[in-house]
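Generate the whole structure from the sequences, applying the supplied hints.
Chains as they are written, first to last, in our numbering: chain F, 1 to 114; chain L, 1001 to 1111.
Hints in this document: simulated from the structure, not taken from any laboratory.
We treat Cβ as the ideally placed atom computed from N, Cα and C, and that holds for glycine.
Check each hint, because a few of them may be wrong.
Stated by the list, open to error - Listed next, the stretches of chain L that the computed footprint assigns to chain F, with coverage defined by at least 3 CB atoms under 8 Å from CB atoms of chain F:
#1 1039 to 1049
#2 1086 to 1096
What the hints assert, rightly or not - Restraint-style ranges between C-beta atoms, simulated for each label pair:
#3 F/42 / L/1069: 22 to 28 Å
#4 L/1008 / F/3: 30 to 36 Å
#5 F/79 / L/1040: 28 to 34 Å
#6 F/63 / L/1012: 43 to 49 Å
#7 F/42 / L/1040: 16 to 22 Å
#8 L/1027 / F/54: 24 to 30 Å
#9 L/1109 / F/67: 43 to 49 Å
#10 L/1082 / F/54: 43 to 49 Å
#11 L/1016 / F/16: 50 to 56 Å
#12 F/67 / L/1097: 22 to 28 Å
#13 F/17 / L/1082: 44 to 50 Å
#14 L/1010 / F/5: 32 to 38 Å
#15 F/79 / L/1097: 26 to 32 Å
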Amino acid sequence: DAKTTQPPSMDCAEGRAANLPCNHSTISGNEYVYWYRQIHSQGPQYIIHGLKNNETNEMASLIITEDRKSSTLILPHATLRDTAVYYCIVRSSNSGGSNYKLTFGKGTLLTVNP
Amino acid sequence: KAGVTQTPRYLIKTRGQQVTLSCSPISGHRSVSWYQQTPGQGLQFLFEYFSETQRNKGNFPGRFSGRQFSNSRSEMNVSTLELGDSALYLCLGTRDNNEQFFGPGTRLTVL
Chain F
1 DAKTTQPPSM
11 DCAEGRAANL
21 PCNHSTISGN
31 EYVYWYRQIH
41 SQGPQYIIHG
51 LKNNETNEMA
61 SLIITEDRKS
71 STLILPHATL
81 RDTAVYYCIV
91 RSSNSGGSNY
101 KLTFGKGTLL
111 TVNP
Chain L
1001 KAGVTQTPRY
1011 LIKTRGQQVT
1021 LSCSPISGHR
1031 SVSWYQQTPG
1041 QGLQFLFEYF
1051 SETQRNKGNF
1061 PGRFSGRQFS
1071 NSRSEMNVST
1081 LELGDSALYL
1091 CLGTRDNNEQ
1101 FFGPGTRLTV
1111 L
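The structure is reproduced here in structure tokens:
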């Protein structure tokens, strides 16, 4: 898996949009971008993933640049419960259902302030 | 949303003992991976199973082993436990549409 670079921490005001950046300049053509978050010592929670098009689900939006070297996770209306460590990772496309190894960096600690 | 279950949720063992952890992915998760998470090392890949076969393996000693059953359920074993094996052990299931979900984890404490 390619490496990713994220800021170690970010703050966001409650109710505002949280924009979390991620650089993945060595991503290859068949690698997806995945975002997870982890609250306290619970298991990481899947948020969203994408290949090259922007994606949106009930939790967040994922904006991937045209050259795919960076992406931004957007939480449109952050709440206090969104305070967590957010991980951006890249992994190979699902070939025959195989997972391949995920390499997690240190992630971004997002703190949502009241 | 996920529904991946892991048992037990908490476990306390002593050095030298062995432990078996279980993961039941949800329907459609054909691939199951295991990860170890510690404060110092973060999330580290243990191994991945697909169709009852180990497809990928991380850099852990042979004391760590696993298997997958025909219903996709997976177990991992750690023998001759060491203090450093204390960690949160996470199971990850993957669907064919590339959605991936972690289980809640098993917190193992080795005394």
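Here's how the hints hold up against the structure:
1. Counting residues of the stretch 1039 to 1049 of chain L whose C-beta sits closer than 8 Å to any C-beta of chain F gives 4, which meets the bar of three, so the coverage hint holds.
2. Interface restraint, the stretch 1086 to 1096 of chain L with chain F: holds (5 residues with C-beta to C-beta distance below 8 Å; minimum three).
3. Distance hint check for residue 42 of chain F and residue 1069 of chain L: the Cβ-Cβ separation is about 26 Å, which falls inside the suggested range of 22 to 28 Å.
4. As the Cβ distance of residue 1008 of chain L to residue 3 of chain F is approximately 34 Å, the hint placing it in 30 to 36 Å holds.
5. At roughly 30 Å, the beta carbons of residue 79 of chain F and residue 1040 of chain L sit within the given window of 28 to 34 Å.
6. Here the CB-CB span from residue 63 of chain F to residue 1012 of chain L is close to 45 Å, well matched to the stated 43 to 49 Å.
7. Take residue 42 of chain F and residue 1040 of chain L: their Cβ atoms lie about 19 Å apart, and the range 16 to 22 Å holds.
8. A C-beta distance of roughly 29 Å is found between residue 1027 of chain L and residue 54 of chain F, which places it inside the suggested range of 24 to 30 Å.
9. Distance hint for residue 1109 of chain L and residue 67 of chain F: a CB-CB separation of about 46 Å, consistent with the stated range 43 to 49 Å.
10. A beta carbon spacing of about 46 Å between residue 1082 of chain L and residue 54 of chain F agrees with the range 43 to 49 Å that was offered as a hint.
11. The given range of 50 to 56 Å is respected by residue 1016 of chain L and residue 16 of chain F, whose C-beta atoms sit roughly 52 Å from each other.
12. In this structure the hint that residue 67 of chain F and residue 1097 of chain L lie 22 to 28 Å apart at CB holds, the actual value being about 25 Å.
13. At roughly 45 Å, the beta-carbon separation of residue 17 of chain F and residue 1082 of chain L lies within the given 44 to 50 Å, and the hint holds.
14. In this structure the supplied range 32 to 38 Å holds for residue 1010 of chain L paired with residue 5 of chain F, their Cβ-Cβ distance being about 35 Å.
15. As the Cβ distance of residue 79 of chain F to residue 1097 of chain L is approximately 28 Å, the hint placing it in 26 to 32 Å holds.
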